[in-house]
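Just so you know, the protein sequences line up as chains A and B, in that order.
Sequential numbering of the first sequence, starting at 1, is according to the working numbering.
Sequential numbering of the second sequence, starting at 1, is according to the working numbering.
One or more of the hints may lead you astray.
Which stretches of chain A does chain B cover? Using the computed rule of at least three CB atoms under 8 Å from a CB of chain B, they are [as the list claims (entries may be wrong)]:
no.	region
1	33–46
2	113–120
3	135–147
4	224–232
5	251–265
6	321–330
7	338–346
In case anyone wonders, no lab produced these hints; they're calculated from the structure.
Remember, it's a predicted structure, so these values are computed and weren't measured experimentally.
The beta-carbon is built from N, C-alpha and C at its ideal position, and this holds for glycine as well.
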Amino acid sequence: MRYLDEYRDGSAAQRYAETLRAIVTRPWTLMEVCGGQTHSIVRYGVDEMLPPGVTLVHGPGCPVCVTPVGILDRAFRIARRPEVVFTSFGDMLRVPGSSDDLLHVRAEGGDVRVVYSPLDAVAIAEREPDRQVVFFAVGFETTAPANAMAVKLAAQKRLRNFSLLVAQVRVPPALEAILAEPECRVQAFLAAGHVCTVMGTAEYRPLVERHRVPVVVTGFEPLDLLQGVAMAVRQLEEGRHEVEIQYARVVRPEGNPVARRAIEEVFEVTDRTWRGLGPIPHSGLGVNARYAEFDAERRFPDDAPAAREDPECRAGLVLQGRLRPRECPAFGTRCTPEHPLGAPMVSSEGACAAYWLYRRRRDPAGAAAGAGAA
Amino acid sequence: MCLGIPGEILETHAGPGGLRYGTVRFGGASREVCLEYVPEAVVGDYVIVHVGLALSRIAPEDAEETFRYLEEMQELAELEGEQQAIERSEVP
Chain A
1 MRYLDEYRDG
11 SAAQRYAETL
21 RAIVTRPWTL
31 MEVCGGQTHS
41 IVRYGVDEML
51 PPGVTLVHGP
61 GCPVCVTPVG
71 ILDRAFRIAR
81 RPEVVFTSFG
91 DMLRVPGSSD
101 DLLHVRAEGG
111 DVRVVYSPLD
121 AVAIAEREPD
131 RQVVFFAVGF
141 ETTAPANAMA
151 VKLAAQKRLR
161 NFSLLVAQVR
171 VPPALEAILA
181 EPECRVQAFL
191 AAGHVCTVMG
201 TAEYRPLVER
211 HRVPVVVTGF
221 EPLDLLQGVA
231 MAVRQLEEGR
241 HEVEIQYARV
251 VRPEGNPVAR
261 RAIEEVFEVT
271 DRTWRGLGPI
281 PHSGLGVNAR
291 YAEFDAERRF
301 PDDAPAARED
311 PECRAGLVLQ
321 GRLRPRECPA
331 FGTRCTPEHP
341 LGAPMVSSEG
351 ACAAYWLYRR
361 RRDPAGAAAG
371 AGAA
Chain B
1 MCLGIPGEIL
11 ETHAGPGGLR
21 YGTVRFGGAS
31 REVCLEYVPE
41 AVVGDYVIVH
51 VGLALSRIAP
61 EDAEETFRYL
71 EEMQELAELE
81 GEQQAIERSE
91 VP
């Protein structure tokens, strides 16, 4: 496919790896903050092509994985209501809450449906006016314009039976939280290309200045990632710290102003709790007062007590880049895609799922425990 | 979750609620995509599509950037290699 295959060229990747080896003089630690990038890195072995000492750690780049147990449990309670059609992207179905998942809710009779787009959920609401259609709005800034469009379309059609259960998160506050950790060893970030497609680069400049940390907005194919690493390493080697765009064919510095206006029309910035990271100020979006009737939390009020995380799951450390999936004692033993302890093992973008998919056969979990340590 | 797929706009039309829609081809498959967020994109353009909505028009003039940068890196690596060789040769 055009604009995909050319960025998977093996010989160009080799040349990138060779030139990187020639310019690197010191060890550097970079973090990518996008589950799609994490999977690409592990799938194509981008991390293994880098010079010794240049380490990629995987950040909290999987919105499914950072969705807190409290919202998941609330989703399951809403999905169990007889009048509700609960719609979601497919990769939420197997994510465990405190004691359940959406597949289980469906098996017990809940009307849980997978949709490709939130706009499909609006179409269901129009087709089935006697049902309450709820869409589970999980995602980074990339997905927010689609969810905003769904709400605007439902409002335009005067639908009284459509709402969003919102777990939208924003990337820059999470980067701030990671840099604030005393044990943080991240020296540069590869920022998520599609988040910046929407938001542009302005939000990253204060962070770059304050922490003197390079940020390179990077794409998703192996050559994109190698170029992103090369640009970040060059900044580090030259003592620069700037926001640069590797993924220039898609990302403009100003982002997509039309999409951003739609986000601002429907949502407001809120504090959010990230699964594994805890509460982060201003790190989320919620439906604003103007569109309050489309907020599932207001439509289905509930005061159930907050749930607890499985204490054995170390997803929090994995999401902060402090533990590699294979270093977790439960990886591949008590935690597998069939019986996950935490979300990163079952989300299609989870770091644990990436190592399970692409590295399990080559290095069985037990033999490789600790082998990925930086 | 943030997966975005490049596809080519084959035609455009009005969709649900009067929104601007188009048929977009991804390799062998085509599907309906909301184009409301890419007003500048026209038939023949490639767009990045995420959960049924196009988020960006791909700029063909920037598509070669990854390969241009590789050449720049290779020149830089050669220069550094030469520099190191000179430094080595100066050591008695």
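Here is what the structure says about each hint:
Coverage of a stretch by a chain is defined here by at least three residues with a beta carbon nearer than 8 Å to that chain's beta carbons; for the region 33–46 of chain A and chain B the count is 3, and the condition holds. Evaluation of the coverage hint for the region 113–120 of chain A: fulfilled, as 5 residues show C-beta separations to chain B shorter than 8 Å, against a requirement of three. For the region 135–147 of chain A, the proposed coverage by chain B is satisfied: 7 residues have a C-beta within less than 8 Å of a C-beta in that chain, meeting the threshold of three. Beta-carbon proximity to chain B at under 8 Å applies to 4 residues in the region 224–232 of chain A; the threshold of 3 is reached and the given coverage holds.
Taking a C-beta to C-beta cut-off of 8 Å, the region 251–265 of chain A contributes 6 residues in contact with chain B, enough for the three needed, and the coverage statement holds. Counting residues of the region 321–330 of chain A whose beta-carbon sits less than 8 Å from any beta-carbon of chain B gives 0, not enough to reach three: the coverage restraint is violated. Check result for the region 338–346 of chain A against chain B: violated, 0 residues qualifying (beta carbon to beta carbon below 8 Å, three or more required).
This entry does not satisfy hints 6, 7, going by the numbered hints stated previously.
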